[in-house]
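Peer 1: Given next are the chains, with one letter for each unit.
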Amino acid sequence: MQRKVSLFVPCFVDQLLPQVAVDTVRVLRRIGYEVEFPEDQTCCGQPAFNTGYWDEARPCAERFVKVFKHADVVVCPSGSCVTMVRTFYPDLLAKSSLREDALAVASRTFEFSEFLVKVAAVTQVGATFPHAVTYHASCHGLRELHLRNEPLQLLRQVKGLKLIEMTRSEECCGFGGTFAAKFADISAAMGTSKAENIAATEAEYVTAIDPSCLLHLQGILGKRNAAARTIYLASILAQEDPPQKSPPQERP
Amino acid sequence: MSTAAQRFLQDAAVKSADLMHREIIQRGMDSYDAAHLKGRARIKDWEAARQKCQEIKREAINHLDRYLLQFEEKVVARGGHVFWAANSEEACAYIKNLATRRNVRTVVKSKSMVTEEIHLGPALEKAGIKVWETDFGEFIVQLREEGPYHIVTPAMHLLRGQIATLFQEKLGQKIESDDPAYLMAVARRVLRQAFFSAEMGISGANFLVADAGVIAISTNEGNGRLCTSIPRIHVVVTGIEKVIPRLDDLAVLWPVLATSGTGQGITTYGTLIGGPRRPGEADGPEEFHVVLVDNGRSQLLADAEQREVLHCIRCGACLNICPVFRHVGGHTYGTTYPGPIGSVLTPHLNGIMEFKHLSYASSLCGACSSVCPVKIDLHHHLLQNRRNATEAGATKSSERLMFRAWRHAMLHPRIYALGGWLMRNSLRMVYGLGLVGSILDPMRVWNRYRAPVPLPSESFRARWRKDRAAN
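Heads up: the sequence lines are chains A and B, in that order. Under the numbering used here, the residues of the first sequence are numbered 1 to 252, in order. Under the numbering used here, the residues of the second sequence are numbered 253 to 723, in order.
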């Protein structure tokens, strides 16, 4: 019997970065998983939760729990959204009748790189990507889910990929959800510092396990006409031999 | 009149675009980072040390009443005085009255953030008393008539050339060099006279040791010892949360504080003081007063969810690692305590209505929590502050409406999908007309600093459905 995972696609990935999810599916299938996508899923509730609107976030969280209650494993291409489910649902749903279910779902929900390395025990996915790449350690993946090495283990197995470490790779890129709009000046300044550190590596691509950081960095790098482009981890891992001349890019 | 939030936004816009400022702070923090890492490596098991410090502070805070009384009893038995100040006014009035009664004309101060919090300096100056800040950094910012930029390194935003110019202007003497050792010697000569003319010395306390009944101070310049031993009156001003149960606890707290604060294994001076000069002793003050400041701390103590914020030992590590602090700088916060701890604490001490914006001025990256030596979950407290602000009705009604609409969409997948489609297509239309960043562009704030987001023609779910239909 084929092993099965349920895919949770964050709302902004669904709407703005569909290729991220497409590539996530490709990699999961290639290593032997059947992927299902429950179509009544929406958002984990993080935007409201992080802005202080816990009463608005709660029903979204409850909905998430109901949608994924019967999934064996939930895989999500975003460290931030997994943090919402795993770290914050227990608090948010402390008094909910779905609390037990929430804890159970949280324990079966994994960030993409975490799932590959820790659950599927795969680091070699047969990818080829002959480019210089630098890795930005997204905050939620790093400090909430403690995923420091997993993404790097995967990148090191990619044929042709040259991994270049940037200065302050673990410093926030400045996205921070509604922070990026409420405090646009600070967010942009932080993004600029990150962009300078990326540029100093002379890498062609910057990758991360959070497409939200990459969405912000893509905007910052684009505005600066920077040489480096953003690419989500799964989009690198999805590249097979022979490599496509230029990997799919989402540009406006 | 502008609000604290408006001032913050304005100052943040200026500072975050100030590349000179960014460079100075970045350089300062780089050398701190190197020292901090080296310092941590000296401690055999850093995580275990943090754990231990957290346990000590938790015990102290959970039994604050008992340990404070124990501390008071010992100090009083040695002939010292302890005054319990409910707020800034009471604390300042006590010290001012004491100074007036004892004919104090000059006060020397060693570094203390609580005296900044209660605005003690201005209160004493208003009573005609000359106040000297004797910590080198504090001395500099006092001459500049500004508050400390950082709770540990108050003048880290200045270049030595600026300090030389400042001394030339304010000290009435010719300054011949901007060599740090020379500038320090200049300050030392000026301050030496102040130490010997002052009738009162004021210090803070890093810890109040309950079982020994002493205050513990960590300093580097020696000014602290001069303040506490030369003048005939010594006044300690400190927050009630500084108490720790046992003298033995310093064995871990002192090195962890020094490591987190500056990367030092231990600060140059560690001073324990428990009362006035005793018969037969060569030096020390005739009078010893401890002013225990509450100023909103009891209220925080009553909040089980956020009580641990009182564990803070004011090391400054969360400021140093904070990318927001690094970009906006200390003064932008407009508070006594800047950085992550300030953003968590200030809404509690000074009001959530006026200071809630600070809890939002964070990307929630969690770097602060990862370095806190007493393991305060700082960024999660920011989330709780945000929730408290929302529940208190302190947020904008337009935002409340927006999130209500958002919830409705998220609970109905069809409305969500339609909303997403509408958003993408209306943005494509606006951008197609070349109106990026215009008043018609709902993403104009985003687009001020960034290229527009990609707008694919299809969402993932639409693609998924199509693929399934095809197979």
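Quick caveat, the hints were computed from the structure, so don't treat them as lab data. In this text the structure is predicted, and so the values were computed from the model without any measurement. One thing to keep in mind: the hints can contain errors.
Over 12 angstroms on every C-beta distance to chain A, these chain B residues come out as not near it, computed from the model [stated by the list, open to error]: (1) ALA256; (2) SER268; (3) LEU271; (4) ASN355; (5) GLU451; (6) SER481; (7) VAL580; (8) CYS620; (9) GLU643.
Here are the computed lysine to aspartate or glutamate pairs in the EDC-like style, where the Cα-Cα straight-line distance is at most 16 angstroms [claimed, not checked]: (10) B:LYS718 to A:GLU39; (11) A:LYS182 to B:GLU710; (12) B:LYS718 to A:GLU202.
Cβ atoms here follow ideal geometry from the backbone N, Cα and C, with glycine treated the same way.
Peer 1: Under the constraints set out in the numbered hints, which ones does this structure not fulfil?
Peer 2: 2, 3, 7, 8, 9, 11, 12
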